[in-house]
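Assemble the whole structure, with the sequences as input and the hints as a guide.
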Amino acid sequence: MGLAFLNRLGIGYVLACVWGTLGLAGLVALITAAGMGGDIARRRVRRLAALGASRPQLVVMRWIECAGPIAIGLAAGALVTTVLLTVPLTLPWLREITAPADLRGRPGLLLATPLVTMVITFAVLAIPVWRTLNPRRATRGRFFVPQDTLPTTRAWICMAAVIVCLWVPPMLTGPQRQQAYILCVIIVACTLSAVVAVLVNALGRAISSPRLGWNAPAALTAGRLMQARPRRTARMLTAICLAILTLGQVQLSVGLLGSQFQAGDAAQRAVDNSVLVASDVLPTRQVRAFLATLPPTERPVWVETQLPQRGRAIPSQSVSATECSELGALGLPCAATGGPIDLRTLPLRTQATFAALGGGATRVRVGDPCPAQGRNQCQLLIVSTTGSPLSVRDLTRESTAYVAGGLRLESVAAPAISGSEPNRIRARWIVLYGTIAIALLTLAMAAMLTSETVSDARRLSVLAAVRGNRRWLWQHAALSVFLPIAAAGFLATLIYFLLPTAISTADARLEPSDAYATSAIVAALVIGAVAAAVSVRATRTTDPLAVRRG
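Counted the way our numbering counts, the sequence shown spans residues 443 to 992.
In case anyone wonders, no lab produced these hints; they're calculated from the structure.
Glycine is no exception: its CB is placed at the ideal position from the N, C-alpha and C atoms.
Don't take each hint at face value.
Stated by the list, open to error - Here are the simulated distance ranges between beta carbons:
1) D810 x E953: 39 to 45 Å
2) A734 x R835: 19 to 25 Å
3) L885 x R488: 43 to 49 Å
4) R839 x W609: 52 to 58 Å
5) A509 x A554: 40 to 46 Å
Rendered as structure tokens:
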């Protein structure tokens, strides 16, 4: 959204960004929450259908059961809409984030958002009921017989998206490159749980196979359970995968924008009005006469920029001067270079200067400035040899005596200064909406894990009461609960490291954080351990007789 505002894009693009950040996280959270207690809900739907209830009646009953949360959500949406329509936002830090998305001039869009959300909610609640009564699913078993098919289609989509993300974005330029990368990341984040489900299913087959010699009851029951419910595993892990990748993209984007902000701030400090530029200036007789009056501490340097042609996306620059002192003012070699020079070996002020002029390959040429004509752009630099600031007002006033209208001089650091502030605002946008998305996904993940833990406890309570072995429960929980969550954390972290390699360039590099990757893996392990412990405790405290009566 911040990018859309700062680039002056249309309201449609802004709304697309809103749905792409908050809408996607909210939809995943809704789908995850709707899948809670799926086994119990399916059994109840089948019992009611056996008593003569039709599909539409069961769907309406499902809507009535969820009427309370839906009403609370709609009330919250109406409250937020009312605040956006009527209450002015005066908080300084918050205003620069919300003011660009000021949609109070279009109240219809804000009023339509809760209604669209309500329709999506009703659809998400109705689809599982409708699919449960599908005649092709009615004859399937209930527990150890596989009830779900493997989500192989989504797994193939995920792997294809990873390949496309590594292959297609490097072939694009400009905004299309970033958009292709974001689209691939969204697809991978939404389908990565299917890959984890397929891997967990394969692992369940392996540990329950007698060929490996694992004849322990925990391995057999956990392995068959992992085979029986791959789609349940995928639903449970979707929020985890999406949360890790979403927070990872927030870290990558904020890190990139932060480095750009720091680069602009460094350019401002390094240049500090010690290098002035006049664009679109030719070395005419009048301009040469003015330059001849400059003191020895102020040297002119000409930069000829060759604009990009077809097949070449980055311009190239040629620095020309007639004296060594002029080139030495920027720390350039006093000799013509056949090839481009390495700017990284030059002073920071020189690096910031040429970066502000457009970047690209830079060559040094000794001789008459700007001899070429056509599409090339000629710029004049006035450089302070001592590094002290130059007076734009005095030089402009002096140039009017020689050049009609005077030279339009400005600091080279001006573009860097003006470009660094929007990056700071963009970073705050990303942090704010990324935090909201993570909060939604965290709530959905916690609710889903709690629901599935209770469901597993009800399933295993009878068997646990018969065996009376706590070690068996811990082994079963480690294989059926801890292992899928840990695998999801490891795979999501691996994808977090892999995807940015395709879009990183020399001037815009996405740097994955080792600290974040370690934190994500540790968080996944902790969540898995806590979920396993809760599963063991819930199984031991569940009354098997109450389960049988229920």
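Now the hints, each set against the structure:
The hinted range of 39 to 45 Å is satisfied by D810 and E953, whose Cβ atoms lie roughly 43 Å apart. Between A734 and R835, the C-beta spacing of about 21 Å keeps the proposed range 19 to 25 Å intact. For L885 paired with R488, a C-beta distance near 30 Å fails the hint of 43 to 49 Å. Distance hint for R839 and W609: a CB-CB separation of about 56 Å, consistent with the stated range 52 to 58 Å.
Remark: the range hint 40 to 46 Å for A509 to A554 is contradicted by a beta-carbon distance near 22 Å.
The earlier numbered hints that this structure contradicts are 3 and 5.
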